[in-house]
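Participant: Take a look at the letters that make up each chain.
Protein chains: 4
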Amino acid sequence: MQFLSDNAAAVHPAVWSAMLAADAPDSPYDTDTLSRELDGAFSSLFGRECTALWVATGTAANCLALAAMVPPHGGVVCHREAHIEADEGGAPGFYLHGAKLMLAEGRSAKLTPESIAAVIDPIRDDVHQVQPHAVSITQASEYGCVYRPQEVAAIAAFAKARGLRLHMDGARFANAVAYLGCAPAEACGGVDALSFGFVKNGGLGAEAIVFFEPGLADVVRYRRKRAGHLQSKGRFLAAQILAMLKDDLWLQNGRAANAVAAEIAAAAGPRLLHPVEANEIFLTVSDEERAELRSQGFSFYDWGVDGARLVTSWNADPDHVGALAKAIRAL
Amino acid sequence: MQFLSDNAAAVHPAVWSAMLAADAPDSPYDTDTLSRELDGAFSSLFGRECTALWVATGTAANCLALAAMVPPHGGVVCHREAHIEADEGGAPGFYLHGAKLMLAEGRSAKLTPESIAAVIDPIRDDVHQVQPHAVSITQASEYGCVYRPQEVAAIAAFAKARGLRLHMDGARFANAVAYLGCAPAEACGGVDALSFGFVKNGGLGAEAIVFFEPGLADVVRYRRKRAGHLQSKGRFLAAQILAMLKDDLWLQNGRAANAVAAEIAAAAGPRLLHPVEANEIFLTVSDEERAELRSQGFSFYDWGVDGARLVTSWNADPDHVGALAKAIRAL
Amino acid sequence: MQFLSDNAAAVHPAVWSAMLAADAPDSPYDTDTLSRELDGAFSSLFGRECTALWVATGTAANCLALAAMVPPHGGVVCHREAHIEADEGGAPGFYLHGAKLMLAEGRSAKLTPESIAAVIDPIRDDVHQVQPHAVSITQASEYGCVYRPQEVAAIAAFAKARGLRLHMDGARFANAVAYLGCAPAEACGGVDALSFGFVKNGGLGAEAIVFFEPGLADVVRYRRKRAGHLQSKGRFLAAQILAMLKDDLWLQNGRAANAVAAEIAAAAGPRLLHPVEANEIFLTVSDEERAELRSQGFSFYDWGVDGARLVTSWNADPDHVGALAKAIRAL
Amino acid sequence: MQFLSDNAAAVHPAVWSAMLAADAPDSPYDTDTLSRELDGAFSSLFGRECTALWVATGTAANCLALAAMVPPHGGVVCHREAHIEADEGGAPGFYLHGAKLMLAEGRSAKLTPESIAAVIDPIRDDVHQVQPHAVSITQASEYGCVYRPQEVAAIAAFAKARGLRLHMDGARFANAVAYLGCAPAEACGGVDALSFGFVKNGGLGAEAIVFFEPGLADVVRYRRKRAGHLQSKGRFLAAQILAMLKDDLWLQNGRAANAVAAEIAAAAGPRLLHPVEANEIFLTVSDEERAELRSQGFSFYDWGVDGARLVTSWNADPDHVGALAKAIRAL
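Residue numbers (our numbering), protein chains in the order written: chain A, 1 to 331; chain B, 1 to 331; chain C, 1 to 331; chain D, 1 to 331.
A couple of the hints might just be wrong.
Said to hold, decoys possible - Only pairs whose alpha carbons sit at most 35 Å apart, straight line, appear in this in silico DSBU-like list of lysine-lysine:
no., chain 1, residue 1, chain 2, residue 2
1, C, 246, C, 160
2, B, 160, B, 246
3, D, 160, A, 160
4, D, 160, D, 246
5, A, 160, A, 246
6, C, 160, B, 160
To be verified - Examples of chain C residues toward chain A, derived with CB under 7 Å:
no., residue
7, 89
8, 98
9, 128
10, 185
Claimed, not checked - Far from chain B by the CB rule (all over 10 Å, computed), these chain C residues:
no., residue
11, 23
12, 27
13, 29
14, 86
15, 181
16, 271
17, 302
Calculated from the structure, these hints are not laboratory results.
The structure displayed is predicted, hence computed values, not measured ones.
Yeah, the Cβ is synthetic: ideal placement off N, Cα and C, and Gly gets one too.
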């Protein structure tokens with residue numbers, strides 16, 4: 001009974017169908033029919049004109065987006081526990097040619113205008129210190145917490161006032177929108193580029209970088225090829241994304257994972273370390289309790305000395321979830 | 001009737017089957033069962049211990065391999081028309097952090113010890129000039145020509161004598177081995193790392209970097225993640241590769257594409273610009289003749305003023321091939 | 001009465017003499033007679049064989065040394081307030097091709113094995129996290145505090161045990177050795193490469209990178225040229241360094257600056273924020289007190305809300321120093 | 001009797017005087033009085049507003065200028081024998097983060113609109129090929145040949161029409177202007193940034209990057225620091241440059257070196273491989289003749305199998321020059 005991560009879950013049948021249907025030969029790279037449909041599909045979804053490029057991984061999506069916003073001598077403000085800082089093997093240093101991640105604090109891995117200001121205000125405007133050029137926030141955050149539309153808007157306004165670009169790592173954007181129940185555009189209002197994740201949510205190997213500022217996409221087209229991320233059979237990536245967008249499958253899957261997480265959260269009650277707003281649950285559990293859960297067949301990551309991280313997937317088995325909730329209550 | 005490229009052909013049914021079979025949850029990245037089988041599978045194939053890592057594209061395979069061989073201040077000798085120089089959007093400059101490609105000449109885009117020496121012998125051994133650290137050759141070459149085992153061995157011996165690493169871009173390694181009829185190991189003898197291509201040969205989005213020098217793989221593990229190429233559902237890439245290796249499907253597909261190319265080559269006769277040893281045909285054809293072929297429904301790339309490039313795929317339609325051969329004869 | 005920094009002080013007459021004497025034509029870059037003397041001069045000074053290269057700035061010295069120790073996908077542990085992190089405009093990101101600075105804590109900007117361990121022990125040994133490859137310490141530290149020989153030795157032993165290289169930023173190495181009264185080798189025992197500063201200590205534009213591990217120098221020779229730091233009239237840089245080494249001028253100048261700082265420190269008494277062990281004084285002073293000092297003609301940097309940083313130079317005017325000491329006492 | 005290079009010649013007395021006069025303490029980096037005078041001095045010289053930054057070497061000047069013009073995924077067209085391609089140890093790859101040098105042909109190492117077009121016209125406007133973003137020309141060229149004002153203007157117009165920036169490597173700009181007898185502005189009309197060399201012409205270690213497009217300078221300020229080229233005692237670099245500009249000392253020195261070269265050229269007559277327009281002479285001489293010259297005490301570089309390169313300096317000894325001319329005539 002696997003609650004380690006959503007990153008290796010099964011692929012949704014609709015995604016498989018779309019990939020198989022895309023097997024008819026078409027032109028290579030992103031010149032095929034399906035890849036050409038992405039801009040339209042995302043423009044419909046967000047209710048405004050945007051440009052979208054596929055890539056295979058969230059790391060590539062995040063770093064390509066940021067590389068279009070930040071020169072090599074600049075900096076990006078992100079949370080100290082952001083994925084780009086903590087879990088991408090230094091990819092931002094590679095893609096941004098040595099630009100600097102500037103680490104901000106914030107409850108549940110969320111930033112605020114104030115926490116960003118606390119990082120950038122002390123930076124002297126001289127050449128001896130790296131100057132910030134962008135902010136990156138994660139929706140939902142590393143702790144499964146969701147920025148409310150007004151929180152995103154406040155950060156966007158702050159960024160704009162300071163001349164900073166705004167990127168959103170939306171590896172779990174679906175879970176965030178499912179939680180908020182708002183229009184997708186409201187969950188990322190004012191953002192210049194969004195890494196829209198599908199792999200953790202039923203996809204196989206395709207994420208979208210959605211640019212609300214089109215000049216950025218033009219740069220990323222070159223950078224994507226230069227990074228070896230322009231797959232020749234790109235139609236299979238486009239097919240995955242279009243299948244996920246169709247009939248809001250992405251949102252349904254996000255809701256499914258969230259619902260399951262909520263069930264576990266209810267069982268965990270006062271043990272919760274962070275509000276459960278998406279599909280991640282962070283618990284206080286002792287060594288003995290962790291051992292007990294594992295002895296019952298549940299797999300998950302330790303989180304610090306007395307904690308655990310559990311992640312639910314779009315296709316979580318209700319029996320497993322019920323069993324887990326029961327086991328947690330019984331601790 | 002498409003002869004533009006092999007890079008967007010259909011995926012082989014056995015590859016699809018293997019991918020679908022891999023859908024059961026497993027651990028993420030390259031810690032799954034299938035990914036762990038790669039080293040063994042390639043060690044069997046090559047009859048010696050080697051390490052293999054999957055990536056999605058040939059560009060990533062080539063550049064990750066080279067990045068493990070060449071420091072940022074070094075250089076790589078390759079043919080002036082090599083893919084890494086001409087068609088990868090500057091990816092070597094990115095992955096190798098500004099290392100230099102040193103361009104050599106050679107008939108049919110093949111190098112020889114002599115043509116490599118012609119590039120590196122004039123380089124003074126001082127800090128004002130970039131020093132070569134590796135050689136990269138392409139099997140089969142950009143013009144579909146194949147290095148004989150003794151030709152590879154001569155280059156490998158030369159490289160070793162000069163203290164240079166040797167990389168082989170094997171985007172069409174299958175076609176080369178099919179042509180040579182030798183053991184795979186003989187087609188790449190003395191090579192430190194091989195980009196073993198599957199995408200042009202029935203795969204969907206998976207290539208292997210095969211390291212015959214294991215220290216290189218250790219570096220590339222980090223670099224692959226850093227480049228955003230460590231897919232979380234990596235089992236689907238491993239599945240593709242294992243399916244291609246099973247029962248030598250890769251070789252069968254290579255043979256099929258070669259056979260078709262040979263049929264067209266026979267029709268082209270004296271029009272051939274290069275020997276047809278793999279699945280690419282380069283012809284002399286006038287503007288009028290190109291127009292004539294296109295009017296009959298054949299698609300292909302112009303090659304210079306009076307030439308054409310035609311590429312065959314593993315699943316070429318015999319009727320299309322017959323029609324093309326006939327059309328060429330009739331010109 | 002300038003106490004802003006030692007970085008713009010006058011050039012020592014012996015340095016001028018040596019530069020003027022070096023004007024006779026010699027061979028370019030570092031092939032001249034004087035540049036060839038550096039290895040011997042530093043080997044004598046440190047009582048062991050070492051290799052030394054000149055560069056114009058401390059930033060270049062630090063970053064070139066580190067670039068030879070750390071691959072682009074690696075990391076360097078340094079203090080959160082180290083010069084390489086806070087004041088070099090992102091130069092490590094540039095020279096190390098995106099490698100990561102890993103920020104450690106420590107009183108008075110000094111590291112210990114424990115503070116280094118606190119940073120690296122939580123790093124999982126997997127490809128998702130950047131792995132440390134080196135440690136950089138500053139002698140004297142950013143707060144003018146000096147590592148005792150046994151402190152350096154403890155860090156060196158720890159680094160060696162963890163497989164990490166050790167770099168020392170010795171922009172004020174002279175002040176540190178002057179304070180310690182030990183052999184220069186003891187002040188940097190176990191270090192792989194030392195940035196030995198002269199510019200803040202009577203030089204014009206020359207620092208030495210001293211390699212106790214010769215393989216590193218071989219790489220840096222290429223990297224220095226590649227960074228545009230191989231001056232064609234390098235004899236003038238070598239001349240400066242040799243003049244500073246002659247008769248221990250570097251040490252005399254360091255002592256002179258320290259002595260003056262000690263005089264001011266004595267006046268400051270309980271206002272001191274850090275022990276004064278080199279030529280920097282950090283004081284608690286209120287806004288009003290800062291204004292009062294400035295109104296008397298003293299220039300210095302504010303340090304936070306209620307502090308000031310004063311730096312003394314090798315050629316500080318005794319009258320200015322006396323006046324400052326008196327003014328501080330009178331606050 | 002040294003004719004190896006102008007790069008290690010003596011420093012002009014006026015430069016020494018200016019440096020010694022600059023020894024009075026001033027503020028650090030480029031905030032001192034002298035550094036602030038550079039913009040005005042160059043604006044006067046060129047008769048238009050421009051911005052100028054000092055750096056220690058021509059390599060740094062060239063690469064910093066180009067880095068402000070070309071993104072990491074772009075390219076720079078230069079001559080196959082340009083210094084940035086052949087003699088800077090791969091510095092453009094470092095500073096431009098892997099951007100590509102695109103090598104053009106041209107008599108005497110000079111480019112023309114046609115030779116640039118021959119390189120860039122075949123580049124497809126797609127992401128698989130690196131796109132050109134700038135052109136770099138050398139005034140005087142690697143073979144000591146000078147672009148006439150109308151030649152520069154033609155290249156500038158071509159570059160503008162193609163959306164390319166234009167950089168001029170003016171390591172020997174003084175020699176070029178001395179030869180042309182025109183206003184300095186005419187020798188670099190339409191150029192976006194000029195590396196104005198002084199080190200080969202009587203300076204010690206200071207070159208200027210002159211920006212005719214001010215936005216570029218703003219980027220380079222950060223990049224210069226990031227590259228470790230912002231010397232803290234920058235006033236000594238500014239002093240050198242201002243001394244060279246005063247009373248057109250740069251031009252006098254250029255004329256002196258040119259005059260001497262012309263004297264040798266007259267002696268060489270039909271042996272000349274290139275027109276002698278600056279301070280470099282390329283001769284046909286056999287092995288025996290080279291040996292003969294060397295036996296008489298003349299030092300110079302071999303140039304290919306049957307050639308020699310001789311370079312004259314601003315302070316060439318008339319007796320040496322006379323002796324050389326005589327020796328060449330006597331061959």
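Participant: Would the stated hint for residue 185 of chain C survive a check requiring a Cβ distance to chain A of less than 7 Å?
Facilitator: 32 Å, violated
Participant: Is the Cβ of residue 302 of chain C more than 10 Å away from each Cβ in chain B?
Facilitator: The assertion about residue 302 of chain C holds, with a minimum of 39 Å to chain B.
Participant: Checking the smallest CB distance to chain B, is residue 86 of chain C really beyond 10 Å?
Facilitator: Nearest chain B Cβ is 25 Å from residue 86 of chain C, so the label holds.
Participant: Holds or violated: are the alpha carbons of residue 160 of chain B and residue 246 of chain B at most 35 Å from each other?
Facilitator: 33 Å, holds
Participant: Sort out whether residue 246 of chain D lies within 35 Å of residue 160 of chain D, counting only the CA atoms.
Facilitator: Holds, because 33 Å separates the two Cα atoms, which is no more than 35 Å.
Participant: Just checking, residue 27 of chain C versus chain B, shortest CB gap more than 10 Å?
Facilitator: Given that every Cβ of chain B is farther than 10 Å from that of residue 27 of chain C, nearest at about 12 Å, it holds.
Participant: For a C-alpha distance cap of 35 Å, please report whether residue 160 of chain A and residue 246 of chain A respect it.
Facilitator: Measuring from Cα to Cα gives roughly 33 Å; hence the hint holds.
Participant: Would you say residue 23 of chain C is clear of chain B, with no C-beta pair closer than or equal to 10 Å?
Facilitator: Residue 23 of chain C is indeed farther than 10 Å from all Cβ atoms of chain B, at 24 Å.
Participant: Could you check that no beta carbon of chain B comes within 10 Å of the beta carbon of residue 181 of chain C?
Facilitator: 39 Å, holds
Participant: Has the given pair, residue 160 of chain C with residue 160 of chain B, been kept, meaning a C-alpha gap of at most 35 Å?
Facilitator: 32 Å, holds
Participant: Please verify whether residue 160 of chain D and residue 160 of chain A have alpha carbons no more than 35 Å apart.
Facilitator: 32 Å, holds
Participant: Verify the interface restraint on residue 128 of chain C: the C-beta must sit less than 7 Å from at least one C-beta of chain A.
Facilitator: 5 Å, holds
The structure does not agree with the numbered hints 10 and 13 stated previously, though it agrees with the rest.
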